[in-house]
Amino acid sequence: MTNTLAQFKSVVVANLLGASQLFDKLASEDLYKIAEFTSQKSLEKGEYLFREGDLPSGMFIMQTGGINIHRVNEAGKQHVVRVWRPGESFGEGFLASAAPSAVDARAIERSQVLVIQKNEFLAFLRRRPDVLFRVFTSLNAYANLLLDEVEDLALTDVETRVGRWLVRRCPDPASSDPARIRLQTTKRLLAAELGTVSETLSRTLAKFRDQDLIVINGKSVTVLCPERLSRFLRTPPAEEEFTGALACQA
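Heads up: the sequence shown runs through residues 37 to 286, numbered per my numbering.
Any given hint could turn out to be false.
Unchecked claim - Simulated restraints, written as ranges between beta carbons of each label pair:
#	residue 1	residue 2	range
1	E145	N180	26 to 34 Å
2	A132	N51	26 to 34 Å
3	K243	S46	49 to 57 Å
4	N109	K45	40 to 48 Å
5	L158	P136	16 to 24 Å
What the hints contain is simulated information worked out from the structure, not anything from laboratory work. In this text, all values refer to a predicted model and were calculated from it rather than measured experimentally. Using N, Cα and C, we set each Cβ at its ideal position, and we do this for glycine too.
Turn these sequences into a full structure, and let the hints guide you.
Put into structure tokens, the structure is as follows:
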């Protein structure tokens with residue numbers, strides 16, 4: 037019975053690994069191998085996966101829920117770096133460094149995370165440079181994402197940050213077809229991620245709605261024409277009144 041349960045767990049974990057963005061191209065035998073040193077961790081809302089100063093034992097893949105990666109300054113103000121959602125991986129940097137974590141990771145709702153043990157995974161990567169390349173690619177993509185977000189926070193206003201956040205989540209930012217975006221977090225947390233407060237975020241979304249750029253329905257936002265929203269964000273303020281009524285171009 038014990039062997040049967042262990043085999044069942046291995047199959048379940050391997051399937052979960054295969055559903056992630058990082059490992060979705062791996063063969064079944066590779067997924068089963070990684071599953072041997074992967075565990076599942078459940079977190080209640082508000083529970084920490086790790087804290088600043090901790091030494092995480094590996095990297096992580098979101099299974100359900102959401103993990104808020106943030107820092108808290110000396111004044112006690114929280115800066116949200118990123119919210120990770122199902123299918124996304126994070127903590128790849130812990131594989132290459134023995135330095136303690138510089139951020140906190142807390143569940144924003146009841147969550148489940150796959151924990152891939154560092155030492156065993158590194159040994160696996162030494163034998164599989166193709167998988168190592170995928171991990172480096174994931175790290176590079178995350179680094180580029182952080183650079184974009186830092187640039188947004190440092191060089192753009194709130195309206196531009198919110199607009200870019202919406203455009204980046206459209207399947208095709210250059211399309212004229214409507215794109216529906218499900219807001220999977222609270223307005224307060226999203227505002228913190230964008231470097232603002234919930235009241236300002238609400239006013240910005242209302243402005244986009246009044247310009248016929250988006251439709252808001254509960255916890256979803258439909259970008260009516262991603263290309264037009266991108267164009268709106270590039271338009272100097274003095275010209276907005278002349279371009280507000282532009283129709284989408286096919």
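**Message:** Within 49 to 57 Å: is that where the Cβ-Cβ distance between K243 and S46 falls?
**Reply:** holds (52 Å)
**Message:** Range first: 26 to 34 Å. Now tell me if the beta carbons of E145 and N180 are that far apart.
**Reply:** Cβ of E145 to Cβ of N180: about 28 Å, so the range 26 to 34 Å holds.
**Asked** So the hint says 16 to 24 Å: do the beta-carbon atoms of L158 and P136 match that?
**Response** Once the Cβ atoms are compared, 18 Å apart, the range 16 to 24 Å for P136 and L158 holds.
**Prompt:** Are A132 and N51 spaced within 26 to 34 Å by their CB atoms?
**Reply:** At roughly 27 Å between Cβ atoms, N51 and A132 fall inside 26 to 34 Å, so the hint holds.
**Status of the given 40 to 48 Å range, CB of K45 versus CB of N109** = holds (41 Å)
Checked against the numbered hints above, the structure violates none of them.
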